[in-house]
Every structure is written in C-alpha cells, then in structure tokens.
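Q: What follows is each chain in one-letter form.
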Amino acid sequence: MNGTDAGQSEPLTEIVVPSKIEATKEPEQQILAQVARCGYSPDAAFAIKLALQEAVTNAIKHGNRNDPSKHLTLRFAVSPEKTVIAVADEGDGFHVEKIPDPTTDENLECPTGRGIMLMRAYMNRVSYNDKGTEVTLVKLNE
Amino acid sequence: MPEGKPHLKISRSNGVHVVHFADRKILEELSINEIGEELNNLVDSQPGIKLLLNFSSVDHLSSAALGMLITLNKRVTQANGALKLSNINAQIYEVFKITRLNKVFDIHPTAEEALAGF
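Protein chains in written order, with my numbering: chain R, 193 to 334; chain Y, 671 to 788.
Chain Y extracted, bound-state conformation:
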C-alpha cells in the first residue's frame, strides 16, 4: 500500500467491491501507478472479484489512466472476475468513445444499473 493520502475509497455492496476515487483528476503517472497498485492488490486478494469503479467524482482522465484501466481489466478477467465502470461524465465518456474503449469496458450510466448487472 503506497504511503500518503489514499486515492481510493472502497466499500462493499451485495458482494461487489465499489470503488470511488478520491482524486478529481487522474492524470499523473505517479498517482496513476499508485491507484493501479491499490486496485491490482485488491484484485489479487479476491479471486473472482466483482469490481465496480464509480467515476462520479472524477472530472479529468489522461491516456496513462486509460492504460491503467486496460491493464486492470485484463487482470480482473484473468482472476475470473468482472469489472464495470459507472457515473462517467460526458467529457470523460467522450475520451472512451474517441479511443474506442467504450467497446472494451462495460460502462453503465449509474452505479445502481451497474450493480444490477453483476
């Protein structure tokens, strides 16, 4: 676990790990690496994990953050788990569309809809 202020708030809802981001901007490599490490550790400790990333508090996302999410998605799949994303604002969703990553990730408008899909 990296030292300093945690980047993630993780709760449980009906067997799903729900992750909220503490940072509004997920842009810089150092914080992205720390977030990736926290999430990878969570996935490794929970085989078959059901993981929901709630982006309601996030308003900036860089290409490096997209890379971290792709790596996480592969890791979750390898662990026979499921990853869903929710509450992505319009500007960030545009980033997913431009990069065609909306085809890679299971994205839902709200956390409730995402949770219902696990």
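This is chain R alone, in the form it adopts within the complex:
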C-alpha cells in the first residue's frame, strides 16, 4: 500500500501478477468494475481501459522484455472523483523524453511508438518515476 503518489490521498490497492497479458485481466476487470460503480461516463471508462492496456503492454513488452518469469505491480485507487493506476515493471527503465513523437511527418508511418501518446491523450495526467519503470495514470471523473 502506498499513499504518496502525487495528489493521491486514498490508499492504493496493490496486486502483483506474472508479466503476461492474461494475468492482467483480473485486476483490469476489478478496476473497470469499480470505475462503473463510481459512475464514470462511457468515454471515461473507454479512456481508462485503453490507457491501462497500453501501460500494461509497454511494461510487459518494453519493460520486462516479454520475460514471463518477471512480474508487474499494479497499484490503483478508484473513487467517484478520480482513478489512479500505477503499473510498474522489473526492467531497466527508460527516459520518456527520448521517445520520438509519432505524429511528426517523418514518423507518421512508423508502426510503433503510439502507446505513450494515447495514454497522454486519454488521461488527465501521465507521469513516470525517475527510473522509468513505473507509469502512473490519473483520470478525473469530470
């Protein structure tokens, strides 16, 4: 449990799962069920699901390099005001500012590199820890 994420006063529920997409389904359903119970709009629920999927995919693929013996740590809190989800991997980390902008003309037809952009577009806040091994997503229930 951890209540220190920026602006986060609610305690976070922590779940550790193997670094496999199928292992993330149960916590994902748990989060989305809470989102539905808290009365978020369909657009907000779509945004949370999409951003969570992108964060989990990045953590498994780029963070843990598709090593199923590694783990993901999901921490989350869903309230009627906001949803906070943190996804951490066991990788070496990265510097988000070094990821190229996929919307520039030269990168537009590159098949990769849009996950972080989608998270930023759909969440109110997307932040990384200093090492670049944990992303925190915040969606306000507006």
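Keep in mind that a hint or two might mislead.
From the derived model, a few chain R residues whose C-beta atoms are all more than 12 Å from chain Y [unchecked claim]:
1) Val-208
2) Gly-231
3) Gln-245
4) Val-248
5) Pro-272
6) Asp-284
7) Gly-285
8) Val-288
9) Gly-307
10) Ile-308
11) Arg-312
12) Asn-316
13) Asn-321
14) Leu-332
Within a straight-line C-alpha distance of at most 16 Å, the following computed EDC-like cross-link-like pairs (lysine to aspartate or glutamate) qualify [as the list claims (entries may be wrong)]:
15) Y:Lys-773 <-> R:Asp-297
16) R:Lys-262 <-> R:Glu-326
17) Y:Lys-679 <-> Y:Asp-693
18) Y:Lys-773 <-> R:Glu-298
19) R:Lys-241 <-> Y:Asp-729
20) R:Lys-217 <-> Y:Glu-783
21) R:Lys-241 <-> R:Glu-218
22) R:Lys-253 <-> Y:Glu-699
23) Y:Lys-767 <-> R:Glu-326
24) Y:Lys-767 <-> R:Glu-301
25) R:Lys-290 <-> R:Asp-322
Some, not all, of what chain R presents toward chain Y, calculated at C-beta under 8 Å [claimed, not checked]:
26) Phe-238
27) Lys-241
28) Leu-242
29) Glu-246
30) Ile-291
31) Pro-294
32) Glu-301
33) Thr-304
34) Val-330
Just so you know, these hints were derived from the structure itself, not from any lab. Every residue gets a Cβ at the ideal spot worked out from N, C-alpha and C, and that includes glycine.
Let chain R serve as the given structure and place chain Y on it in line with the hints.
A: Then chain Y, alone, in the frame of chain R:
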C-alpha cells in the same frame, strides 16, 4: 492460417474484398499478430487487391493494432492495391485523429461510400 477461431469474416462485393472483424476489441498482441498475418496473406495472394476494412463491430483498438494497420497499408500499396477503412465509431476515430493517422488512411463513414470510391 492461425489455428482457433478466425478473427476475420471476408466477403466480396464488386471486386472488393470486404473484411469484418469478429473481435470487438483489437487490443492484444497475439490476436493482432494473427489478424495481421491473415490480412497479409490475403494481400499477398491478390496482387492489386481492393480491400475494405469495416470496423462496425469494433469498439476498442490499441496502438499495436494501429501499427498492424500501418504495416498492412504499406503492403497493399506495394501490391498496387487500395485500402479503405469504414464504419469507425467516434471513440476509435478519435484515436486516429489524435495520432494523425486519419491523414494516412482513406477513411469513410460507411461501407457504401467506401465501396463507391474504389
């Protein structure tokens, strides 16, 4: 052809291959790879293919799915074919707009309008 339940339903309309997706959510890498393989095989077997992807049954699309579509678009172009997309719901169209991929793909509101444009 990957084993298991097919991800695509493919029909023909006036010389155009029309593809419907069996999955409502095109999110996960494994299914995206399988969809990409099915579509690439179709393109490779039909030089000059006219291909319409109808997204009427799809309500979630990940960045990996966008990557698969970009790769497919290049492959169709290399095969002197044409690729159009149709029936993309508002939420998913927003994804195309955010990523500026609405400038890359030929997107039509309905299948009828897309078919008329081939």
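Q: Each of the hints needs a verdict: does it hold here or not?
A: Each hint, compared with the structure:
| no. | hint | in the structure |
| --- | --- | --- |
| 1 | Val-208 | holds (21 Å) |
| 2 | Gly-231 | holds (19 Å) |
| 3 | Gln-245 | violated (5 Å) |
| 4 | Val-248 | violated (10 Å) |
| 5 | Pro-272 | holds (22 Å) |
| 6 | Asp-284 | holds (21 Å) |
| 7 | Gly-285 | holds (20 Å) |
| 8 | Val-288 | holds (15 Å) |
| 9 | Gly-307 | violated (4 Å) |
| 10 | Ile-308 | violated (9 Å) |
| 11 | Arg-312 | violated (9 Å) |
| 12 | Asn-316 | holds (15 Å) |
| 13 | Asn-321 | holds (22 Å) |
| 14 | Leu-332 | holds (18 Å) |
| 15 | Y:Lys-773 <-> R:Asp-297 | holds (10 Å) |
| 16 | R:Lys-262 <-> R:Glu-326 | holds (14 Å) |
| 17 | Y:Lys-679 <-> Y:Asp-693 | holds (10 Å) |
| 18 | Y:Lys-773 <-> R:Glu-298 | holds (13 Å) |
| 19 | R:Lys-241 <-> Y:Asp-729 | holds (12 Å) |
| 20 | R:Lys-217 <-> Y:Glu-783 | violated (38 Å) |
| 21 | R:Lys-241 <-> R:Glu-218 | holds (13 Å) |
| 22 | R:Lys-253 <-> Y:Glu-699 | holds (10 Å) |
| 23 | Y:Lys-767 <-> R:Glu-326 | violated (27 Å) |
| 24 | Y:Lys-767 <-> R:Glu-301 | holds (14 Å) |
| 25 | R:Lys-290 <-> R:Asp-322 | holds (14 Å) |
| 26 | Phe-238 | holds (5 Å) |
| 27 | Lys-241 | holds (7 Å) |
| 28 | Leu-242 | holds (7 Å) |
| 29 | Glu-246 | holds (6 Å) |
| 30 | Ile-291 | violated (12 Å) |
| 31 | Pro-294 | holds (6 Å) |
| 32 | Glu-301 | holds (6 Å) |
| 33 | Thr-304 | holds (5 Å) |
| 34 | Val-330 | violated (18 Å) |
The earlier numbered hints that this structure contradicts are 3, 4, 9, 10, 11, 20, 23, 30, 34.
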